[in-house]
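*Asks:* If you want the building blocks of each chain, they are given just below.
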Amino acid sequence: MKNMISSAPPDSPDAVAVSEGPLQVDVVAPPAKKAASTNPWVSYLTRRLIRLVISVVVLVTAAYLMVRLLPGDPARLSLGPEATDEQIAVRRSELGLDTSVFTQYFHFWENLFHGDLGKSYSTRLPVFDVITQRMPATLEISVLSIIVILLVGIPLGMAMGEATRGGRNRWLDAMFSSVTGLLTVAPVFVVAAISIYMFAITSPVFPVAGRSGPSSYVLPVLALSLSSTCALARIVRAETFNVLEADYVRTGRAKRMQKSRLFFRHVLPNLVTPTLTFAGLLFGGLIAGSVFVETVFAWPGMGPVVVGSITNRDYPLVQGIVMVYGVLILLINLVVDLLIAAVDPRSRITKL
Amino acid sequence: MTTLTTVAPATRRIRSFVHQMRTPTGAIAVIGTVLLVGLAIFAPALWGAEATEVNVDLIAQGPSPEHLLGTDSAGRDILLRTLVAARTSLMYGMLATLIGVSLGVIVGCLPSILPPWIGRLVTAVVNMLVAFPALLLVLFLAVFFGQGATGAVFALGLAIVPDIARLCQTMTASVVGRDFVSAAKVLGVPRTAILFRHIIPSVTDVIVVNATMAAASSLTAMAGLSFLGIGLQAPAYDWGRLLSEGLARMYVSPAAALTPAIAVTLAGIVLTMLGDTIGRALGVTPVISMRKLAGLPSRSAKPEPDRAVAPQPENVLSVRDLHVSFPALGKWVTPVRGVSFDIARGERVGIVGESGSGKSLTALAVAQLIEYPGRVEADAIAFDGVDYAGMSEREVTTHAADLGLKMSMVFQDPMSSLNPSLRVGPQVAETAFLHGGAIRTQASDQATDRLAEVGIQNPKMRARQYPFQFSGGMRQRAMIAMGLMGTPKLIIADEPTTALDATVQRTVMQVLDRVAVEHGSAVMFISHDIALVTGFCERVLVMYHGEIVEDISSADLVAGSAVHPYTKALMASIPTLTTDRSRPMATVADFMKEDKS
Amino acid sequence: MSSLEFRNLVVDFGRGPKTVHAVKDVSFMVPQGSTVGVLGESGSGKSTIARVAVGLEHATSGDILLDGRTLLQSNRAGRMRRSQVQMVFQDPYSSLNPRMTIGDSIAEGLHASYRRSKQPLPSRRQIAAETQELLGLVGLDSSYAGHYPRRLSGGQRQRVALARALGAKPSVLLADEITSALDVSVQGTVLNLFRKLQSELGFTALFISHNLAVVRYACDYVAVMDKGDLVEFGPVDEILTAPKHPSTRALIEAVPEMGKPLFVPAHR
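Listed in order, the protein sequences are those of chains C, L and V. Basically the working numbering = 1-based index in the first sequence + 318. Basically the working numbering = 1-based index in the second sequence + 80. Basically the working numbering = 1-based index in the third sequence + 5.
Hints may contain errors.
Listed below are several chain L residues computed to face chain C (Cβ distance under 7 angstroms; list not exhaustive) [stated by the list, open to error]:
1) Phe212
2) Leu216
3) Thr300
4) Leu308
5) Ala328
6) Met330
7) Pro334
8) Val344
9) Thr352
10) Gly484
11) Ala518
12) Ile519
In short, the hints are calculated from the structure, not lab data. These numbers were taken from a predicted model, which means no experiment stands behind them. By construction, the Cβ of each residue, glycine as well, lies at the ideal position given by its N, Cα and C atoms.
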């Protein structure tokens, strides 16, 4: 990606004119020099990573305090009401509760680095194991949904934006707006329930429970991606309208190019940043959606664990889930930011 | 302006809302909301007892006249239970919204009152929380509140806070930047008064609309938590609980699950549509209504005799009886009405007139750049021997190369007229690549040459930069360079220097002058600055209310030989370095009055 | 009547290596009852000096004095003194609150003068009467008091903005490009109004503009600014006919003048 800024376009005259070599270096340097003396990408990545680290520290601290600030004795909570005072005392020292708060906090971090997220109160299993065992199934349907959302939502939104701008094709506009409006509002669990009714009861095409074979993925992914796809399509359409109205598109039209070229070369690049930004928010929302989908379709992912952790007041488990999901979201944001920086010259050069 | 009645914004908004209620969306939204609220208030009293009554004889029955949608596993009527559950579903959703929106508004407005560094901290925290999905916050908060309705409501409420707070922050920040807030500060209006008089009223509309949308999502989210078993607890029930109970017996009686599912969705949609309707009524989301458009008024069939002359081939541009119309608020408006003029080859013609006089639209119409829903009608728009009047969009495209190479456009705002995502070089080169038959490398070499020609230093490096790395004057030069990729017969420049300082304007005008001479191009130069136009052009067209009222040589105009009263008035009202300071400025109004009397 | 003095005013924006020196050691005097024009291109700092005078920006160093007393105090007394200096802004579409009636906007100005003189606020009727008076002063019909700004044209809005500022009974009025956003045909009426008001009310004025002819018409003296520096100051005719400083000369030469070709034409 470094090449995007500093290399000369692969045009033959530039490449052939070797004698111009030093000049070129000189010529390309100023924008880079303005931002920083080093490669702008390096400084951007450094800053972005520092921000990530700070966010993770805040998240972990919040997750730690969450359990620490709870009323009641964690040792007693973890052993249940029948425990004797002696057992509790043993447990307290086991958990390190007899040391100072700072020592405990430090210890908490130490354990994190060893992959130790504590033990579940309810099942006594290490939280780390529970999550690593359950997470893959959730990630599967989430990643599949992300692919569906992007592949359907973006082209659909753009096509509708082009087709219905400035009040063209009113009927298409009305149809698109009402259908996507309805599906955007419909909650994931309702979509899931109705899809069971339609594709499993009325006409049994797809399995409705469990993870067995490719066809079992269809309904969960459909339920998980439908609302978000519609939401993304709506946003992309609105953004397409904005870009099509911009002065620079008029400049492009004044060059009399084919519509397709105008769209792909002049409109599309300007849609990337808002689309990715919104998509990033949607991906965060998928985490919530997956809990519902997995509950409805008996999918062996994190969903039941999340629900169970709350109903059982299983604090170490909740803590682990909050941290893992939190980090996941921070990583998604990081990826989205990096993608935007790679595509959008303004964020790449000015905001570095 | 004849019906200049005083309408308070409140009254206006109510009227606007009533108007929106007549649209299908508005009507459904309002009727739906009334039904929903009605159910929430009356349903429990009417059917509450019946809906909770266990009947072992009627377990899990299908639809029947007594039980329209059948019964559940305890023999209770599904329809009645769903109706009764409207209260709990709505109530908890609204409670969460209330908590969330009020806290959000407070947190969002804090940065504008607090010391700056605390304000920045609050903003940073809010920005970080916005990225986290509500469920994660709910999960986090459920630990404190425990499972159950109270916890769920607080958790959902708090989950709304970051979104509303961020909205408030951006809205207030944009209002604070407006001059009327500056004016209030200058007048010494106390901070709290500024907040309550200027800032809060300006953001309420947006907040109300978004609060309604938030209510829709809280309602479904609350149902979701109950569905998962971490919201409302038995024996209380809402749509979420009904759905989860019904889902287990989906195969036996689908209605038990589908009825509450549909109820949640309908309620969500009704509230969303309500938000939408309020938004439209308040003008938060502008909407163009073009239904029931009256037919386009036909052009008056009375060409002025001296204008009816057929287009002459020696002219690069001949326009006859040009009309440009747009639909606005249910009727057609015609900002350009019967404009006719010629531009000879190599001639420079200025078009002057005030904002809204139709000069820019005339230029766009000549360039075939008026887009749907705008309408262009003319007897002739002949450019370089081709008459484009009445051509369809498709027919115009067959002349794309002609227009692209022979007509070049320089637009007003250099900041927004170049594509921010593309490097300058390729943007400049594009025309040659598209129409000039140049291969990419030739085109880019040519672009570099042209950038040098318009006086851009170090053109090779500049060609590889993006527009935001250019100053305003340089962007305008790049726009001119873009028009030089062919051999322009006509350069249409629409207020090309209005956004620029006088010294920069001068250099850009020099570039325009030089390229026009070197390429033998005619120039159609639009500006409101008459001194600039008369200094640059040989002839001036004066536009007033969509018509050309004067066609005069620059020398005559400056010498005071204008005939039309508007032109006379315009010339007299321009202050110059020789205006008599002891007397008041002549104004257009004075002249027009004289003309009438 | 009052005099306004800028004394060694320095305004920096930002900190560290990215500091923008918006105003660099500017000193000049706006004599009692006179109008001083401030000429300059964008970024010359001409608006900044006015915004500092009314407290919308902070001075890095130096002082602005009203009749010899500083305007840059942040305490109550300072604020009260500052409210004798009022400002009219460039964009008439942003300077009136769209949700307040014209009458309410003007009343906001009147309140400021009562606040300064420590008088109790008079009755609504009294305020309404004074509002009507101000509307008459700026040449608007009294019925406008009940209107909202959206019904008004740019020129009418600028009249309202003037009335609001005058309501505070200012001894100094700062006019920041008040005619730049208006059509030429309206510009004259606003200029006439400004001059009429000044001769009737006798306020001292700072008239910021990039338009030479407008400055020449409206002002007695002119201060020319370039990149934050005050490069020339003097009587308006003297400066515009015989500029001494090269940047003043460049500025004057750059402005197209009616009846003269823009430059020696490259053709013919």
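*Asks:* With 7 angstroms as the cut and Cβ atoms as the points, is Leu216 of chain L at the interface with chain C?
*Replies:* 5 angstroms, holds
*Asks:* Holds or violated: is the Cβ of Ala518 of chain L closer than 7 angstroms to a Cβ in chain C?
*Replies:* Status violated, d = 12 angstroms.
*Asks:* Quick check on Val344 of chain L please, does its C-beta sit within 7 angstroms of some C-beta on chain C?
*Replies:* 6 angstroms, holds
*Asks:* So, Pro334 of chain L near chain C? Judge it on the closest CB pair being under 7 angstroms.
*Replies:* Because about 5 angstroms separates Pro334 of chain L from the closest Cβ in chain C, which is inside the 7 angstroms limit, the hint holds.
*Asks:* Does the closest beta carbon of chain C sit nearer than 7 angstroms to the beta carbon of Thr300 of chain L?
*Replies:* Interface hint status for Thr300 of chain L: holds (4 angstroms vs cutoff 7 angstroms).
*Asks:* Should the interface hint for Gly484 of chain L be scored as holding, given a Cβ-Cβ cut-off of 7 angstroms against chain C?
*Replies:* 4 angstroms, holds
*Asks:* Just to be careful: measuring from the Cβ of Thr352 of chain L to every Cβ in chain C, is the smallest value less than 7 angstroms?
*Replies:* Interface hint status for Thr352 of chain L: holds (5 angstroms vs cutoff 7 angstroms).
*Asks:* Does Leu308 of chain L hold up as a contact with chain C if the rule is Cβ-Cβ below 7 angstroms?
*Replies:* 5 angstroms, holds
*Asks:* Does the closest beta carbon of chain C sit nearer than 7 angstroms to the beta carbon of Met330 of chain L?
*Replies:* Holds, because the Cβ-Cβ distance from Met330 of chain L to chain C comes to roughly 6 angstroms (cut-off 7 angstroms).
*Asks:* Quick check on the hint: Ile519 of chain L CB to chain C CB, less than 7 angstroms?
*Replies:* 10 angstroms, violated
*Asks:* Can the hint on Phe212 of chain L be confirmed by a CB-to-CB distance to chain C that is less than 7 angstroms?
*Replies:* 6 angstroms, holds
*Asks:* Against chain C, run the beta carbon of Ala328 of chain L and see if the smallest gap drops under 7 angstroms.
*Replies:* 11 angstroms, violated
When each numbered hint is compared with the structure, violations occur for hints 5, 11 and 12.
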